[in-house]
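Student: Read off the chains here:
2 protein chains.
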Amino acid sequence: MCHACVIDSVKRAMISRRDLFRGAVAGTAAAAAGIAGTTSAFAATPSKVVDLTYGYDESFPTYFGAPGISSDQRFNFAEHGFNLKVLTVNEHTGTHLDAPLHFSADGASVDQIAVENLVLPLCIVDIREKAAANADAELTPDDLKAWISANGPIPDGACVAMNSGWQDRVSGDGFRNADSDGVMHFPGFHIEATQMLLETNAAAIGVDTLSLDYGKSGDFKTHYAWLPAGRYGIENLKSLDQLPASGATLVVGAPTHKGGTGGPARVLALL
Amino acid sequence: MCHACVIDSVKRAMISRRDLFRGAVAGTAAAAAGIAGTTSAFAATPSKVVDLTYGYDESFPTYFGAPGISSDQRFNFAEHGFNLKVLTVNEHTGTHLDAPLHFSADGASVDQIAVENLVLPLCIVDIREKAAANADAELTPDDLKAWISANGPIPDGACVAMNSGWQDRVSGDGFRNADSDGVMHFPGFHIEATQMLLETNAAAIGVDTLSLDYGKSGDFKTHYAWLPAGRYGIENLKSLDQLPASGATLVVGAPTHKGGTGGPARVLALL
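Quick note, the sequences are listed as chains A and B, same order.
Counting in this note's numbering, the first sequence runs from 1 upward without gaps.
Counting in this note's numbering, the second sequence runs from 1 upward without gaps.
Calculated from the structure, these hints are not laboratory results.
One should not assume that every hint holds.
Identical chains share a label here; the pair holds if one copy fits it or two copies do between them.
Taking lysine-lysine pairs in the DSS-like style, the calculated list, with each CA pair at most 30 Å apart, reads [unchecked claim]:
| # | residue 1 | residue 2 |
| --- | --- | --- |
| 1 | Lys-258 | Lys-48 |
| 2 | Lys-221 | Lys-48 |
| 3 | Lys-48 | Lys-238 |
| 4 | Lys-258 | Lys-145 |
| 5 | Lys-258 | Lys-130 |
| 6 | Lys-48 | Lys-216 |
| 7 | Lys-258 | Lys-238 |
Since this is a predicted model, take the numbers as computed values, not measurements.
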């Protein structure tokens, strides 16, 4: 059983478009006429996929500041007839997952996250206004209450994502935003909001910054509260501004290397 | 515009269940009563997610035979308070993508595959019977014609996947199935089937074996025909037997490291 907001998110569109579907489904008679086409058992219907994933290379900002990936081209087309690289990757690079194991002794590794929790309702909490005024802003219980007031309860199995507007800074030093003492300043989840979400059945939290905790956190309170509880996190999301606060379905391409504490993941939102 | 078979695949279920939806959508009045619940703007509706992705470690079979991944634990919970690893990964390990760049001088890298081609109709061609009798079996034009006869034309933007039953061999040497001369024997796409699919608008082909070409191929004809045409491949799919020949929607979690020739990918099928 997945949290089938895929269904809900397209239901509304479909109800209004139902007449368009009639006659669009071809039977085997039509099939016999050709090997390809737009009419088939699959209706070619308008929808939308929003990519929440950064492309990344050695220049992509990382929490510790060092490059998160390097590659070694072992075969090249000119010499060998094909291209192939071996990558060296810090698990916590680019748009990536934090598995429970990242901040626990024996929590679930990234390959052990239940597949049912990889297709989930996406709730987007917009804190751009206060983050623009204060780089140390946090997503608080009041922000969650405002979302709930406008959109209804947090759905079971949801991912609650913070949109702080940080994507506008990704190309420069402003993404890490370290001061002269090396302390970073970017938004994250306040521990009290994290605790509030632990009272729900949300499966994941996500941020558009480098960490679930805000940058100046010295104690990783949100990581230590959320991940050992068997929930997971997603860091460095982009394009949350292209989605509604409620109604999108997230598909999280969690990596499957065994025993991983996290890893780069393709994250797509379906509308 | 994505190939919204998400919509089609759930449409049929939804039409019969529509009455269940009525009244299941809570408004803001109900929302004010609590922070969490199953009633919300997201309807909690039955659906199915099938994971087509292997978990993998250094023991997972690879084309060249050498381990495809190793890891270095840089931080551990007992000593540092958190766990973090750095991975060294051959791009073509586990369930993974072949980007056009893999077999071309300047084709699209894995991060450049259009997001619209990552959510796509899945067509499964079952060749298990002949593959059980002959490890050198190939998916041929006749197999495609049989699929089309039963299911209709190949949808635009589809992924056409071969189910050879090879997943039953994944735990042993039978997956690579190398003979005494080191020549491997496993099924793949025949070049003529590949050419037939190039006449359609299929976006991808997939296999449940180590290579798009059959194991004893010395010339990689299918790779050289398919990938430089701007299409992509998926290798080492599992659990295709849990899906219908037509009707599932594939979501392909293509990695986004820049310039990649491919990479491990989470692949999920939605029904």
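Student: Decide, hint by hint, whether the structure agrees.
Tutor: Checked hints:
1. Lys-258 <-> Lys-48: The answer is between: 24 Å across copies meets 30 Å, while 32 Å in one copy does not.
2. Lys-221 <-> Lys-48: neither (36 Å within a copy, 35 Å between copies)
3. Lys-48 <-> Lys-238: The answer is both: 16 Å in one copy and 27 Å across copies each meet 30 Å.
4. Lys-258 <-> Lys-145: Neither way: Lys-258 and Lys-145 sit 38 Å apart in one copy and 39 Å across, limit 30 Å.
5. Lys-258 <-> Lys-130: Answer is neither: 39 Å inside a copy and 33 Å across each miss the 30 Å cutoff.
6. Lys-48 <-> Lys-216: Neither way: Lys-48 and Lys-216 sit 36 Å apart in one copy and 41 Å across, limit 30 Å.
7. Lys-258 <-> Lys-238: Both ways: Lys-258 and Lys-238 sit 27 Å apart in one copy and 16 Å across, limit 30 Å.
Hint violations for this structure: numbers 2, 4, 5, 6, all remaining hints satisfied.
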